[in-house]
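*Asks:* Listed below, chain by chain, are the residues.
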Amino acid sequence: MPISINPQMMREIIMDHYNNPLNKKVPENISEYKKIRMDSDSCIDDITIYLKIVNDKIVDACFDGIACTISTASTDILCELVKDKSTKDALYIVEQYKNMIYEKEFDESALDELIVFINTHKQAARIKCATLGSTGIESIIDGKDDK
Amino acid sequence: MFDVNEIRKDFPMLDGSKHSFNGKPMIYLDNAATTFKPYSVIEASNQYYKNESVNAHRGDYDIAYQVDKKVDEVREKIAKFFNAKKIEIVFTSGCSMSMNLVAFGYGFKYLKSDDEILLTEAEHASNVLPWFKVSELTGAKIRYIPLTKEGRLTPENLKKVMNEKVKVVSVAQVTNVLGFKNDIKALAKIAHEYGAILVCDAAQSAPHMKIDVKDLDCDFMCLSAHKMCGPTGIGVLYGKFDLLKITEPFMTGGGDNARFDMCGNVAYLEPPAKFEAGTMNLAGIYGFGAAIDYLEKIGMDNIEKYEGELHEYAISKLSTIKDLIIYNPTADSGIITLNYKGVFAQDEASYLNSHGICVRSGEHCAKLLKDILKVPATVRVSFYFYNTKEEIDALYEALKDGGNYLDAYFD
Chain A
20 MPISINPQMM REIIMDHYNN PLNKKVPENI SEYKKIRMDS DSCIDDITIY
70 LKIVNDKIVD ACFDGIACTI STASTDILCE LVKDKSTKDA LYIVEQYKNM
120 IYEKEFDESA LDELIVFINT HKQAARIKCA TLGSTGIESI IDGKDDK
Chain B
2 MFDVNEIRKD FPMLDGSKHS FNGKPMIYLD NAATTFKPYS VIEASNQYYK
52 NESVNAHRGD YDIAYQVDKK VDEVREKIAK FFNAKKIEIV FTSGCSMSMN
102 LVAFGYGFKY LKSDDEILLT EAEHASNVLP WFKVSELTGA KIRYIPLTKE
152 GRLTPENLKK VMNEKVKVVS VAQVTNVLGF KNDIKALAKI AHEYGAILVC
202 DAAQSAPHMK IDVKDLDCDF MCLSAHKMCG PTGIGVLYGK FDLLKITEPF
252 MTGGGDNARF DMCGNVAYLE PPAKFEAGTM NLAGIYGFGA AIDYLEKIGM
302 DNIEKYEGEL HEYAISKLST IKDLIIYNPT ADSGIITLNY KGVFAQDEAS
352 YLNSHGICVR SGEHCAKLLK DILKVPATVR VSFYFYNTKE EIDALYEALK
402 DGGNYLDAYF D
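As given, the protein sequences belong to chains A and B, one line each in that order. With positions in the first sequence counted from 1, the corresponding number in the working numbering is that position plus 19. With positions in the second sequence counted from 1, the corresponding number in the working numbering is that position plus 1.
To be clear, the hints were calculated from the coordinates, so they are not data collected in a lab. Even for Gly, the Cβ is constructed at its ideal location relative to N, Cα and C. Be a bit skeptical, because a hint or two may be false.
As the list claims (entries may be wrong) - Below, a sample of chain B positions facing chain A; criterion: calculated Cβ distance under 7 Å: (1) 194; (2) 195; (3) 345; (4) 347; (5) 359; (6) 362; (7) 364; (8) 374; (9) 377; (10) 378.
Unchecked claim - DEER-style ranges, computed between Cβ atoms: (11) B/25 - A/27: 21 to 29 Å; (12) B/19 - A/27: 34 to 42 Å; (13) B/18 - A/27: 31 to 39 Å; (14) A/27 - B/6: 41 to 49 Å; (15) A/56 - B/140: 38 to 46 Å; (16) B/110 - A/162: 41 to 49 Å; (17) A/35 - B/321: 26 to 34 Å; (18) B/411 - A/121: 17 to 25 Å.
Isolated chain A (complex conformation) (with noise of 0.2 Å):
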């Protein structure tokens, strides 16, 4: 854990992220974006990913459904990151993230507010809660679309 954010930060963080979600909705133009339903079949978040990707940008990034404080932060804040970046680069910072739910080395600068899920492995089964968001996001980029 870096040394400038301590467990009460990280707290407040996902709390922010939980109760005042950034991309937390339905698209308007619904049409432009490509679109996955993750529903998890070990637990009972159930939430749709939409994301608006332009010449391998990814312009807009958001989230609807209902989730858990975990799925809820994470996904919010991933959106929140890969929105403006090529689909490479969102591809990276998802690669990043999930070696460090894994227990994996990662490149801790790609993150951003993502280190405050650094504690998942300690509750093993939270680890589907935080990496619903990421492996959306990983299989729209993919190519998946739930038309």
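Dock chain B against chain A, hints included.
*Replies:* Just chain B now, with coordinates in the frame of chain A:
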């Protein structure tokens, strides 16, 4: 004499040294999902694998005969346990398979497009989705018997929607989210007055109370062994023999027919054998037999009484927590459905996990129960006869701070 501390010694999963959290033994309160197995059940299943591991049906040697005899004995034991006849007890893989067997073997065979199937919004998926399929295949319509404001099914409400088109009424004896007990006997009587059959989903009732199928007069009854101290992968369909005779086997193959030829002529065996194609879960049957013995030794009446006490104790304690919402304080079973104000159910369940308490968060699909619970998800706490008041005290202590659920994520 019911002594929970003695009973707990029968269960390896309750050996506190095995699963502990911060030095405290795990507290298992997800018994509506599945239950722990006593040593005697595990030993019985092992007996099959270790000493009698051959196939049933027409063995020409001694051990095979032993296996046939054992399967027959367990069938008899289960029949007695529910006051049924041995020929009315069909072994299945569990309650879901039993429900599917009724839906496809009876519903799909006999229902027509004008017919109606009556369910309630409190049913488990296993008692809804098979009927959706039957409806899709036959054109029969699914309707829901209205529940009371509290979420109960009453005979009066069944009467209101009953008509000559209804051919099947399929309901749980104890509902899996709200834990209310339905008066199956009264419901069956009403169904029969209109010529419909009554299918009883006993998954959440059979483990906790005495059931007499003749007294209830239900036409089919479905249950799983694993929710009543038995092994997974084994369950029972009870059916009145005359109904079983006209029910189609929806799975066919070896062991369920007397003879067949290549022109498609098949002579199926009589029930229950005609429904038991393929090699059954024999170790499961051995274990199920031991589970019935175990429950009988403790006594179903004692179990029901003790669980009632646990429930009353839990409600009296939990209802003092200001921000805890209990949706079914008057439940007739050991099921308590709750939420902590402002906390998503799954977050609360994860928080309890960090206190070594196993419960389940569940989602309620758009229609089912929406009007009663008014929330998309809840936490379910469910007891069995091996739970203790001390465990409820620990649940209470954890839920008192239930609003600080992110502690689980940082501590």
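*Asks:* None of the hints should be skipped; say for each whether it holds.
*Replies:* Verification of the supplied hints:
no. : hint                      : verdict
1   : 194                       : 40 Å, violated
2   : 195                       : 38 Å, violated
3   : 345                       : 5 Å, holds
4   : 347                       : 4 Å, holds
5   : 359                       : 10 Å, violated
6   : 362                       : 6 Å, holds
7   : 364                       : 4 Å, holds
8   : 374                       : 13 Å, violated
9   : 377                       : 5 Å, holds
10  : 378                       : 5 Å, holds
11  : B/25 - A/27: 21 to 29 Å   : 26 Å, holds
12  : B/19 - A/27: 34 to 42 Å   : 35 Å, holds
13  : B/18 - A/27: 31 to 39 Å   : 35 Å, holds
14  : A/27 - B/6: 41 to 49 Å    : 42 Å, holds
15  : A/56 - B/140: 38 to 46 Å  : 30 Å, violated
16  : B/110 - A/162: 41 to 49 Å : 44 Å, holds
17  : A/35 - B/321: 26 to 34 Å  : 31 Å, holds
18  : B/411 - A/121: 17 to 25 Å : 19 Å, holds
In this structure, the hints that do not hold are numbers 1, 2, 5, 8 and 15, in rising order.
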